[in-house]
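For the record, the sequence lines run as chains A and B.
My numbering numbers the first residue of the first sequence as 60 and each following residue consecutively.
My numbering numbers the first residue of the second sequence as 6 and each following residue consecutively.
To be clear about the criterion: a stretch of chain A counts as covered by chain B if any three or more of its residues have a C-beta under 8 Å from a C-beta of chain B, and this derived list gives those stretches: (1) 124 to 132; (2) 135 to 142; (3) 155 to 161.
With the Cβ distance kept under 10 Å, some of the chain B side facing chain A (calculated, not the full set): (4) P205; (5) M206; (6) R208.
If you're looking for bench data, these hints aren't it; they were derived computationally from the structure.
This one's a predicted model, so the numbers in the text were calculated from it and none came from an experiment.
We put the beta carbon where it would ideally sit given N, CA and C, even for glycine.
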Amino acid sequence: MASIHLKNLKKTFGQHVAVADLTLDVAEGQFVVLLGPSGCGKTTTLNCIAGLEAPTSGRVLFDDTDVTGLPPHARNIAMVFQSALLYPHLNARANIEMSLRHSGMTADQVKSRVAGVVSMLRVDHLLDKRPSALSGGERQRVALAKAIVREPSVFLMDEPFSALDAALRNSLRAELVHLQKTLNVTTIFVTHDQVEAMTMGDVIVVMNNANVEQVGSPDEIYNNPQTKFVAGFIGSPPMNFFEGAFKSENDRLTFHTGDMALSVPDALRAKLDGSIEALTSVGIRPQHIRIVDAGTDGGINMEVYAVEHLGKETVIILQSEAGDAYRVLTDPGFKAAVGERVALAPDLAHAHVF
Amino acid sequence: MTRTIWSRIALAVILIWTLLPIYWFLKISLLTPDEIARFPPPLYPLEPQPAAYFNIFGFDYELSNGITRRASGQANQIIRGLQNSVIVSIIVTVLTLAVVAPLAYVFARLDFAHKNKLLFAILLAVALPPVSTLIPFYSMYVQLGLNGTILGLVIVTLTITIPFVTWMLIGYFRNLPQVERLARIDGFSRMGTFVYVMLPMSRSGLAVAAVIAFLFAWNEYTYALILVNGTTANTLPTAISGFLFQHPEPQHMAAALALTILPPALVAFLLQRHIGEMNLVEPVR
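With these hints in hand, go ahead and build the complete structure from the sequences.
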């Protein structure tokens, strides 16, 4: 177990800046998820922590030890790669044993280590099979066993579940979190899947364009997004944004979007401390919007574009006259026909402003 | 349904096209001279007898009817040719693999300056027809005293096999999964990764590369004809083609031909599992 500290980490590839200036502290035993769209620098960050890439500048510390110049193997880390990369020409047992090949352990020690891990992950029956003979989930388990057998101080995972189907992902997610909490190993997990991030992480680091947008617990990230990017990236269906401006008249605050003026309730007003001039958009989650009859006072007129039935709820996708799409969560019984004219009534008390 | 019928017909045509000539000379090698002279020729040996195979190695063979078939006059040339061919082919195969495995790996998996230009230089060598370099090689060899030597033939054959097999293996290595990162995490150095991970992983690719190199060396004719023909370093293909001017007995000629196709056939047969495995799109599954 180790804490991880990144100090002003920067990585460039020629002109391209992959990671701009990243400072991050990960406490011992934490499960940290690096979340962001592809190309945001999350995998590069992970590779710098692993030692697979040398940072252009900045330092990587494990506890108080500077490991920036150390090769991967000297850092006592274990890594699980995308789609559970294994040596294709070796069977599962040999793959797991490869992790200990340079550990200086005797054959007996290796044997007992492997046996322990194998029974923990229930892969005993797979040991003589090659990766090509394993299913996606089995490969994943073997890859985890290969990582765990080293008893590393840090686990690094690079989108390990990305190639699996949804059901398998679900069960492996729970298994991995359980394992991580049992072993209490500091873990950094890279993904572009917000559901994975929300369900697994103690801390989520949202990255975009080589920068960190926000660091926080899943609750904080969801309920209190600091930037518009985070607000739009987290949550499914995604948050709706209304562009416009706040105006203060006679002690009455309104938000003007298109030709509508929405009055701002006290709950939101309390959050708007200081200047309101710089704020140009209001974000509202789909569950905080109601659909009302067209022409209703305080409603924004729209047309029903599509209806998605999810079983326990229904997502109505509306299109404004300007062509923007808005998503509203309704009860499953809600009836709407494509092309129907309705109005949308946002509840500004739950709004986020940017 | 019609599709399977047509594909079977096509398959039959290809099989006849390939196998009929081989069958024909194998048949001739088992006939007696008077059977060969018969018209129309017999479609299969009525009394197959292995006399020719003894004769070409310099042994007399007594037929069941008491007639002795005398040893071939070309026996010495055949034995020496066989020896040289085996030596040259094995040395070429080993050297080719030793050079090509790291070379192709580096081109396929690592990045370095001027990579594309260097790769193009290697591939250019494949594009040159051997005949175009024949005369320069010959005059160089005369000055260096390499003509008529096995060493000279090995060197010149390597100039064909190395670029060609490199080109072939680059494609193979490129399609292997990115296990280098895995190996680095496991503590392997670059060299260690190549030796302990990549080489064992690419067994089937290397086996096929070995077959190709061996067959190239075994079948090499153009250079051998100019550089070693008529010397003690003569190889089997040039030795046999030389018989045309020595009026050999047809069954001896046929038996010598069978001898030349035997080793390649054996090699291909033993390695067919790897050849089948060498799927260029997804080499290791």
